[in-house]
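Construct the complete structure from the given sequences, taking the supplied hints into account.
Residue numbers (the numbering used here), protein chains in the order written: chain B, 1 to 213; chain G, 1 to 314; chain U, 1 to 574.
Bear in mind the hints are in silico, worked out from the structure with no lab data behind them.
One or more hints might be untrue.
Sample of chain G residues facing chain U (criterion: CB under 7 Å; computed from the structure) [unchecked claim]: (1) 31; (2) 33; (3) 147; (4) 178; (5) 181; (6) 182; (7) 201; (8) 202; (9) 211; (10) 212; (11) 300.
Mimicking DSBU-like on lysine-lysine, the simulated pairs with C-alpha atoms at most 35 Å apart in a straight line are [as the list claims (entries may be wrong)]: (12) G:159 - B:54; (13) B:134 - B:169; (14) U:430 - G:146; (15) B:54 - G:292; (16) B:169 - G:56; (17) G:146 - U:176; (18) G:146 - G:221; (19) B:77 - B:187; (20) G:299 - U:443; (21) G:299 - U:430; (22) G:178 - B:187; (23) G:292 - B:106; (24) B:192 - G:159; (25) G:292 - B:192; (26) G:178 - G:299; (27) U:443 - G:159; (28) G:178 - U:443; (29) B:169 - B:106; (30) B:54 - B:169; (31) G:299 - B:187; (32) B:134 - G:292; (33) B:192 - G:221; (34) B:187 - G:159; (35) G:68 - B:169; (36) G:91 - B:169; (37) B:187 - G:146; (38) B:106 - G:159; (39) B:78 - B:192; (40) G:178 - U:173.
Yeah, the Cβ is synthetic: ideal placement off N, Cα and C, and Gly gets one too.
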Amino acid sequence: MKHDAHTRLVLAGLTVVFVTLGVCFWAQLWARPEPVRPNPLVDPAFLETATWRKSYTDLIRAKADLSDFDCYGCHEKKNPPKLRYDDQHQLVVPEEHSDIVMGHGKHGRNNNCYNCHDEQNLLQLAARDGRALKLEDSVPLCGSCHGPTYRDWEAGVHGRTSGYWDRSKGPSTRQLCVNCHNPHSPKFPGRKPAPAPIPLRPAATAPAVQPKP
Amino acid sequence: MPPLPPHDAPPESGMDRRSFLRTSAVLAGGLFAMASSLKPLMEMEDIPSAERFLQKYYKELTPEEMQKVLARIEREVEQQYGIRPHVRDLKPMDGVEFVYALNLTRCIGCRKCVHACVAENNQSRSPEIQYIRVLRMPHGSLDIEKADHHYAPESVPEKGYFYMPVQCQQCRNPPCVKVCPVHATWQETDGITVIDYDWCIGCRYCEAACPYWARHFNFTKPSVPRERLNPNMAYLGNRPRRQGVMEKCHFCVQRTRAGRYPACLEVCPAGARKFGNILDPNSEVSHILRTKRVFIQLKEELGTSPRFFYYFDV
Amino acid sequence: MTGIRNYLVFLRRSAQIAFVGDWRYYAWMGFLTTIVLLGLNAYAKQLAHGLIVTGMSDEVSWGVYIANFTFLVGVAAAAVMMVIPVYIYDNEELHDLVIFGELLAVAAIVMCLAFVTVDLGRPDRFWHLIPFIGQFNFPASMLSWDVIVLNGYLLLNVWICGYLLYTRYRGRKPSKWFYLPFVFIAIVWAVSIHTVTAFLYVGLGGRPFWNSAIVGPRFLASAFAAGPALIILALQVIRRITAAAPAGEPAMMTAGALASAHRRAATAADLDLLSCHLPEVAALSPEERTGCLAGATVFDVAAGGVLLRQGETDQHAFFVLAGRVVVKREENGRFRVTRSLGPGGQFGEISALNGTPRMASAIAEEPTRVLCLPAEALRVLMGNRELGAIVRSRMTERLMITDHALLTLRGIVQVSMIINVFLLANEVFKEFYSGNLHVASSKYLFLGLDGHHALVPWIWTAVAFNLVGMVLLILPISRSLKWLDVACVLCIVGIWIEKGMGLVIPGFIPTPLGEIVEYTPSLNEALVCFGIWALGLLLYTIFLRMAVPILQGRMSKANEPGARPVAAAAPARG
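Right under this line is the structure:
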């Protein structure tokens, strides 16, 4: 059938619209996909598996300088150093050992160096039942007071056990107590946490209101 | 009687030449608009080759076909990153069922596990995909709506809070496996729920079904920095994924099926994470499940029967 | 072979007619095509860059695509539920409208499939869903059920509509066995598609907002309100666009034209002429022939001659022997062609049998010869088994969108809205009264949660629209079409919001780990949605463009280009 005037106008208009649309598509005039925001890479320190302390064994293996552990370089044999206390019965740490901060137990429970160190032989440790323990063999000493924890440690449950869960395929290694706990201030230290997760849509992810503990 | 009249004209016919040309002009304009509407497709980076398009389902690949697929993946990764990886198809071991035990007394909320996992499993950094989410919970409550995901204090742990890392619980009764329309995710005999990244169609039904928010989607092409690529890969594990597929924690199959601990456990400074074979009575996890008193399985009432046991020491 | 050739001609003509129309048609189709292209362009961006161009995230991993899908499955299901009054309660007025409903269902299902496809992260892997070729997780995954029921429903409706339209095109009576069983299956299937879609959500134990038995019934109730409401609006649009010029057209002539037509008694030769177009007439027995010819007359009318007038009472029925008659009905000051009849066609038989006033006028479009039968003669003719069946089946083929039909649909929407609002009240009580932890999503939706309240204005708008719509539907004022339309629009928009954003989004907020991340569709996402809606409307318009002329009789086998004209009969004597 023939087209009337209205139809001709509409068809002409549509041709113009389509061609314009095509050009607009080519020029990508709207809704351009934004480039992905590059997130900062995490500090590699957070990927470290090493413990924050080195045990005496680690130092020996690393052939480090062990002069700090030569007690009789300053002290006299057969002359155990006397412990001094202030008027609150807090142990006064001598200046020569000022790097040691005593914090092993509340209310001064472990205010006595000789609770762990052997008075007669400063190069070794002494358990409460009189057993002498080498410095690198400190675990049973800790365990002699911290029984349940020691039992868990023996089962591999306290502290990190790393390596192979399938012992037939390879070895597993446990840490010593002193790898994580400073024996003089054993509380596991706090640290800065790794960064919080970065959401895909930050504008939509406002932090929720948290109740106070 | 007058002669009989001719037929009624068909309604669709009878265009004259001008009308035909006019209509053709509109059609041509329309086709031009349609062709240029498809211009953004030129920016598409991930067009599958015929081989990849037709790749069979994981469980149907013969060992020879799997070797070809692994070799192809190694080539593709080398092309993209310049590093030749080693991609294996590790099968589950007999007599092994993995469980995870997490000591909530020990977790300090440092998030090292989150990032060790990201590094081990070649997860996208931009946008960020993390399999583990550490929740900071107020003392005394397991109400997950009180959790804070974005805590950032100077030092953790903070007084009055405890920290609960959540990742895929490898449920014994997994809702995600039930709902996947194409069997792209399933549970293997060692308890790990795995994903065939080349089979997933990206419908995200599993993400809706998971009660632990453990499944994550690649909304765009994942970006892994070349210098942090882990070349020790597994087909069902940490090989690089593509735009439009799901991924989640798979208990580091490339490590655990070779007998090693997962990356999150290896990095935990507090030793809060414990992993092993529950069918072995001498494993750490068996010891924990025997000796500790209270276990929390998240959302236990949903019947998912997670293989993740949270417990407290003190 | 001829069967296939005939079908191909039918398809070709149907395709051709989609490109032909008046300027309003071109403008409408051009507008829809523009929107479809905008959507296509947006989807191309999504294919290239991934779903990051939408507003979705791991926290809210389904958005407006799935929301629209959910709403449209309901529309598709409801479109076919209209079929129930027609076939089960035998409401003849709705017969042709059933085809419009089923065509709407086809367009809606195509939209559903489109929405699901654009939501996929890897649409290139669609073949993984095909049973036996891919890995089809049936029966465990409700998505696999949905794939089966949606595609099956599409095939059912395409078959039914296609069969009915094609037989109408061929001028044949449709065989009940080829469509009635499918119609009944479609009724049951319609319930199943929406229940299965509801079960997609209900089956997820980890999402307490969805994991509730009331979701399925709410889906059905809201579908049976929104679907027929859409059809009420669509039918009025169809009614308007198939209207001819307003009253007062010069073609209407007075009764004088009829009186002056040459009229004579009918003879056996006239019956033979009729049997050229209605073969069953040849099989009449001699007694039946005599009975038919008793009191029967034949006359010619010039073009424009009025054979029947709407509103008159007259107990004659007519058969067209030659020429063409147009049956027009006046509605609201406009005339609608309800049928166009060539030789062999019948009209006026309902009033002849029932004595009711004429529902339409019949006007000759060109010089025409008709056979006029009094009611008694008609009854004799219908006493013949085959002829009677044909006449009866043709009686039900009407393209009359009467106000009565619209009011029947109103009744469906009315009851469904009442049930829908009642079920909403149930849900609100259950969520808020006991105050347990699982109420977080509902709190977010209705009241806002922890300072996040993006959906609150939407849901309250939806509730208000639904309540006002329901009240309007209950009140007699909605018997007037203007208020009925208002009520329908309110219900459709209210249900779209409630079922789309009010159901899908709050299921994700808060996340299973308690985090609140809100969702706003991106511009790209919105363009894709508009594109798919426009595609659906485009398809539906094309379907109507094909179906209406066939139902009116203006496009049929009889007027295929190149068809031989009807052989001239011997001139009548006298």
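Right, here's what the structure says about each hint:
{"no.": "1", "hint": "31", "in the structure": "violated, 10 Å"}
{"no.": "2", "hint": "33", "in the structure": "holds, 5 Å"}
{"no.": "3", "hint": "147", "in the structure": "holds, 5 Å"}
{"no.": "4", "hint": "178", "in the structure": "holds, 5 Å"}
{"no.": "5", "hint": "181", "in the structure": "holds, 4 Å"}
{"no.": "6", "hint": "182", "in the structure": "holds, 4 Å"}
{"no.": "7", "hint": "201", "in the structure": "holds, 5 Å"}
{"no.": "8", "hint": "202", "in the structure": "holds, 2 Å"}
{"no.": "9", "hint": "211", "in the structure": "holds, 3 Å"}
{"no.": "10", "hint": "212", "in the structure": "holds, 6 Å"}
{"no.": "11", "hint": "300", "in the structure": "violated, 12 Å"}
{"no.": "12", "hint": "G:159 - B:54", "in the structure": "holds, 27 Å"}
{"no.": "13", "hint": "B:134 - B:169", "in the structure": "holds, 31 Å"}
{"no.": "14", "hint": "U:430 - G:146", "in the structure": "holds, 23 Å"}
{"no.": "15", "hint": "B:54 - G:292", "in the structure": "holds, 30 Å"}
{"no.": "16", "hint": "B:169 - G:56", "in the structure": "holds, 32 Å"}
{"no.": "17", "hint": "G:146 - U:176", "in the structure": "violated, 63 Å"}
{"no.": "18", "hint": "G:146 - G:221", "in the structure": "holds, 33 Å"}
{"no.": "19", "hint": "B:77 - B:187", "in the structure": "holds, 32 Å"}
{"no.": "20", "hint": "G:299 - U:443", "in the structure": "holds, 21 Å"}
{"no.": "21", "hint": "G:299 - U:430", "in the structure": "holds, 21 Å"}
{"no.": "22", "hint": "G:178 - B:187", "in the structure": "violated, 46 Å"}
{"no.": "23", "hint": "G:292 - B:106", "in the structure": "holds, 26 Å"}
{"no.": "24", "hint": "B:192 - G:159", "in the structure": "holds, 14 Å"}
{"no.": "25", "hint": "G:292 - B:192", "in the structure": "holds, 30 Å"}
{"no.": "26", "hint": "G:178 - G:299", "in the structure": "holds, 18 Å"}
{"no.": "27", "hint": "U:443 - G:159", "in the structure": "holds, 31 Å"}
{"no.": "28", "hint": "G:178 - U:443", "in the structure": "holds, 29 Å"}
{"no.": "29", "hint": "B:169 - B:106", "in the structure": "violated, 44 Å"}
{"no.": "30", "hint": "B:54 - B:169", "in the structure": "holds, 27 Å"}
{"no.": "31", "hint": "G:299 - B:187", "in the structure": "holds, 33 Å"}
{"no.": "32", "hint": "B:134 - G:292", "in the structure": "holds, 32 Å"}
{"no.": "33", "hint": "B:192 - G:221", "in the structure": "holds, 31 Å"}
{"no.": "34", "hint": "B:187 - G:159", "in the structure": "holds, 14 Å"}
{"no.": "35", "hint": "G:68 - B:169", "in the structure": "holds, 28 Å"}
{"no.": "36", "hint": "G:91 - B:169", "in the structure": "holds, 15 Å"}
{"no.": "37", "hint": "B:187 - G:146", "in the structure": "holds, 28 Å"}
{"no.": "38", "hint": "B:106 - G:159", "in the structure": "holds, 18 Å"}
{"no.": "39", "hint": "B:78 - B:192", "in the structure": "violated, 45 Å"}
{"no.": "40", "hint": "G:178 - U:173", "in the structure": "violated, 48 Å"}
Hint check: violations occur at hints 1, 11, 17, 22, 29, 39, 40; the rest are consistent with the structure.
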